[in-house]
Amino acid sequence: MGEQTSETEGYVGRSVRTIEGRGPVMGKATYTNDISFPGQLHAHILRSPHAAANIKSIDTSGAEKVAGVVRVVTGAEAAKYIDPIPHYIDPAVFGGRSATIRCLALDHVWCFGQPVAVVVAEDKRTARYAVSRITVDYEVTTPVIDVEDALKDGAPMVVPGWDANMIMEVPFGSGDVEQAFSSADRVIKTDVKVHRFSTQPIETRTYNGVYDAGTDSITLHGTVQNPHPLRNVLSKILRMPENKIRVHAPVIGGAFGMKMHGHPEEGMVCFLSKLIGQPVKWVEDREECLLIGAREQVHSVELAVTKDGMILGLRDHYLANTGAPSSCPGWGMAFLTGLTMPGPYSVQNVDVQLSAVVTNKPGWNASRGYGKEVTALALELSVDNAARELGIDPVDMRMKNFIKKDQFPYDSPTGLIYDSGDYAGVMQKAMDAIGYDEWKTKQEEALKEGRYIGIGVGFELTPEGGTLPGTLVGGYDSSTVRVAPDGSVRVLTGVTTPGSGNPTGIAQIVADELGVRLDTIEVVQGDTTSCPYGFGNSSGRSTIVGGGSAAKAAVEVREKIIKVAAALMEVDESSVTMKEGVIASGDKIIDLEEVCYACYTRAYDVGSVIEPPLEATAMFKPGLVRHTPNEKGQINPYPSYSNAAYVAISEVDVNTGVVKLLKFSVAHDCGKVINPILVEGQACGAIMFGIGAALAENITFDENGRQLTKSLMDYVMPRIGDVPSITLTHHDSPNPVNYKGLKGAGEAGVGGSAAAIVNSVNNALSPFGVMMTETPLTAPRVWSAIQAAKKAQPQRKVA
Amino acid sequence: MEDMLEDTVLVNLRVNGKLHELEIPAHKSLLDLLREDLNMTGTHMGCMTGHCGACTVSIDGRVAKSCITLAATLSRAKITTIEGLTEEDGTLSPIQQAFWDEAGFQCGYCAPGMLMCTAELLESNSDPSDSEIETALAGNLCRCTGYQSLKRAVKAAAVKAKEKAS
Chain Z
6 MGEQTSETEG YVGRSVRTIE GRGPVMGKAT YTNDISFPGQ LHAHILRSPH
56 AAANIKSIDT SGAEKVAGVV RVVTGAEAAK YIDPIPHYID PAVFGGRSAT
106 IRCLALDHVW CFGQPVAVVV AEDKRTARYA VSRITVDYEV TTPVIDVEDA
156 LKDGAPMVVP GWDANMIMEV PFGSGDVEQA FSSADRVIKT DVKVHRFSTQ
206 PIETRTYNGV YDAGTDSITL HGTVQNPHPL RNVLSKILRM PENKIRVHAP
256 VIGGAFGMKM HGHPEEGMVC FLSKLIGQPV KWVEDREECL LIGAREQVHS
306 VELAVTKDGM ILGLRDHYLA NTGAPSSCPG WGMAFLTGLT MPGPYSVQNV
356 DVQLSAVVTN KPGWNASRGY GKEVTALALE LSVDNAAREL GIDPVDMRMK
406 NFIKKDQFPY DSPTGLIYDS GDYAGVMQKA MDAIGYDEWK TKQEEALKEG
456 RYIGIGVGFE LTPEGGTLPG TLVGGYDSST VRVAPDGSVR VLTGVTTPGS
506 GNPTGIAQIV ADELGVRLDT IEVVQGDTTS CPYGFGNSSG RSTIVGGGSA
556 AKAAVEVREK IIKVAAALME VDESSVTMKE GVIASGDKII DLEEVCYACY
606 TRAYDVGSVI EPPLEATAMF KPGLVRHTPN EKGQINPYPS YSNAAYVAIS
656 EVDVNTGVVK LLKFSVAHDC GKVINPILVE GQACGAIMFG IGAALAENIT
706 FDENGRQLTK SLMDYVMPRI GDVPSITLTH HDSPNPVNYK GLKGAGEAGV
756 GGSAAAIVNS VNNALSPFGV MMTETPLTAP RVWSAIQAAK KAQPQRKVA
Chain C
107 MEDMLEDTVL VNLRVNGKLH ELEIPAHKSL LDLLREDLNM TGTHMGCMTG
157 HCGACTVSID GRVAKSCITL AATLSRAKIT TIEGLTEEDG TLSPIQQAFW
207 DEAGFQCGYC APGMLMCTAE LLESNSDPSD SEIETALAGN LCRCTGYQSL
257 KRAVKAAAVK AKEKAS
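Protein chains in written order, with my numbering: chain Z, 6 to 804; chain C, 107 to 272.
Be a bit skeptical, because a hint or two may be false.
[Stated by the list, open to error] In silico DSS-like pairs for lysine-lysine, Cα to Cα no more than 27 Å straight-line: (1) C:184 to Z:33; (2) Z:198 to Z:668; (3) Z:129 to C:134.
Derived from the structure by calculation, the hints contain no laboratory data.
Please build the complete structure, drawing on both the sequences and the hints.
Below, the structure is given as structure tokens:
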């Protein structure tokens with residue numbers, strides 16, 4: 006596709022290829038594991054084989070005898086040198102229970118896979134072997150695995166000393182719920198169980214800690230989404246000031262939330278490097294990567310509805326199985342699920358309550374969607390179930406209940422302020438693009454031949470750019486734009502990229518705002534020493550705040566260049582234009598390099614009209630966020646509300662239960678599109694997550710809490726043949742307060758697409774009366790549901 | 107002191123046209139040999155179980171997963187890695203160029219597998235259909251793109267390769 010022409014002037018809005026895309030196709034992009042240093046050592050971690058146990062003793066002598074082993078460290082020894090890991094989002098800030106998390110367990114383990122000891126050796130194989138020579142005497146205790154068990158009277162405590170297996174209970178909502186339910190024609194209840202699934206980037210987490218004794222400083226090279234906030238965390242763990250710590254994130258091979266910090270290994274490699282005086286690298290195994298959980302929730306959604314499908318009220322007391330405590334920000338996903346209720350629907354009487362439960366499963370980390378995907382699943386499956394119960398069309402029911410486009414900005418019952426949107430328009434576009442009505446005809450014809458085609462829709466509201474008060478989840482960000490004497494441009498930003506292409510989006514914005522050619526711009530990210538302070542990559546924020554701040558800085562630098570150009574050409578500066586590196590005033594044209602060189606070298610004559618150097622740092626802080634609680638105690642952590650509608654067409658083989666996706670459509674409102682080809686990539690990638698979530702990806706445990714999912718053979722992610730052709734359309738309603746109306750494009754897709762798939766399968770199997778609301782819809786589950794439905798309704802005539 | 111006494115094997119193999127003679131432990135994977143002994147880090151580790159395909163290389167003209175291939179079995183083999191796709195003067199091959207131009211990748215970590223498998227496919231099929239592309243890339247996981255851009259890139263690569271050949 007390359008550089009497409011379009012009606013828009015400038016680079017913004019065009020599908021330009023990524024400036025960072027050359028390295029990967031050559032095999033020359035430098036990922037963290039590609040970096041090694043002289044004297045490089047390798048760490049391997051001994052992990053608990055038990056979900057809950059007391060550690061009575063550890064004998065490391067066997068490991069220490071292995072040739073090539075440099076050091077063996079247990080939790081007890083580590084605790085002499087390092088402190089616990091501060092929480093990314095501390096539950097205590099919100100009135101919840103906060104556990105002490107250490108890099109290595111001290112005397113008790115609370116989940117399978119928890120780090121217990123670490124071996125550092127001259128090569129990775131020796132380290133791995135030596136770990137097998139450590140003997141730990143565990144006193145195994147009874148674990149709690151399921152949320153229901155964790156809340157029973159007398160349940161064992163996951164965290165010693167807590168009086169309940171609960172991080173916090175949070176009520177959301179307002180309105181007169183009792184009245185809504187008592188005046189409703191029907192109350193329709195849908196139990197939605199969302200399973201544990203994960204992001205699993207192809208590059209696993211990798212950290213390389215390098216201590217420099219001469220300056221008593223540490224550099225962490227790592228797969229890190231948020232370098233600056235991590236620097237603060239490392240300073241607490243390592244008992245070192247932040248100015249002695251550098252966090253450097255090289256090219257990242259996908260993140261999707263998993264590389265947000267709080268992981269034990271980040272501080273561990275830094276501490277080990279300082280202890281030993283040599284660089285220490287740790288590379289995560291896929292088995293270790295699969296330990297990181299997310300999303301597992303049990304919902305019981307009650308919709309109070311009129312017989313024609315108006316939703317009057319919503320009640321949902323839900324349980325989140327967040328696993329054992331972790332310093333990663335994963336548990337906060339459970340909070341966002343409730344906060345985003347009731348999504349796109351104009352329902353003001355809402356009683357939603359979260360119970361964020363701890364169990365002896367491994368903990369969570371942030372995962373694309375950040376809880377909002379579960380909101381979408383819970384709502385969209387419930388609406389379909391209600392529509393079926395009421396005998397009305399599921400699309401009609403949604404259209405009837407969507408917030409109308411003239412209702413924005415919209416105050417949600419949980420305290421959010423939705424900036425803009427046209428949900429009915431988005432839904433209609435998704436349906437038109439796939440030929441919704443034609444598929445209904447095809448479905449009828451197929452059924453006559455005994456083929457079960459299903460049509461399902463889903464909607465997802467994805468608040469983006471989130472910021473939480475009192476945490477390093479920041480809402481603003483900063484960028485520096487530097488123009489060198491030769492006119493080339495370097496942009497340094499506090500946001501980072503997991504590989505999504507935002508450096509190119511930011512460069513497109515700077516090219517237009519500054520007035521230079523795109524190929525003269527370099528974007529530098531992911532380094533706490535060179536980049537201005539920022540909060541990195543999360544919550545679809547990178548182009549909103551990275552682009553917004555870079556645009557402001559570019560405008561400042563442009564003004565300087567124009568002033569000096571005007572002085573050089575001896576014209577009025579209002580007559581000077583600058584576009585794609587060409588500076589002109591009427592017929593006069595002057596070379597960009599000549600002007601930039603003059604800015605630096607003629608500070609005492611023509612250049613004296615500006616303050617050199619050609620450099621500016623600016624900050625962009627989106628509006629609409631409200632951190633001061635309103636009269637109901639509610640905050641609005643988001644400036645921007647992306648949204649999307651999905652239509653899935655599937656076919657179910659009723660003899661095997663296998664679901665095949667035939668076609669997919671999405672209409673997406675992410676505000677202004679900077680680079681269509683990159684936004685399309687984000688949308689399609691998120692839909693693939695939804696496909697995996699709906700049909701296959703699942704992390705399972707045995708009854709003792711030992712994880713059974715250990716490799717990509719057990720954790721089945723979509724392959725190229727599993728993803729159908731996807732039609733993407735845009736339906737932009739610009740954010741009124743963000744730069745260029747940006748809303749964020751990275752997160753939407755996981756829950757809405759998964760819901761559309763589940764709904765399509767239920768639709769396909771409606772002749773049997775099947776209604777599945779527990780994910781994933783694996784073939785055995787679908788087959789069993791068909792068999793159960795056949796038994797329950799033997800009178801119904803089915804193929 | 108316990109020593110992991112291990113047999114070593116002498117192998118000589120040709121990687122991207124260059125001959126290497128190495129004495130390596132018998133257990134060493136081709137992936138580790140490339141990355142650790144030859145410092146060629148373009149081939150990536152994703153799972154070490156052969157499922158993700160990020161470690162794919164070409165051995166004697168057939169794609170293979172280097173993480174589950176013992177280097178000791180490869181004496182006299184001709185290996186091509188992702189680095190070997192770039193021409194000697196630094197020009198990108200039509201396949202590399204197409205994947206870059208079409209935004210085939212996002213993070214690019216799966217690139218070694220996708221590119222090596224595309225190269226093998228286009229070797230014998232200058233105009234692959236969707237299902238032929240799906241078959242050729244079936245062993246390679248991508249977590250970023252949803253595969254749409256990869257399919258588009260393979261098709262563009264086929265066109266570019268034909269243009270170059272004619």
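_Violated constraints from the hint list, given by number and in increasing order_ = none
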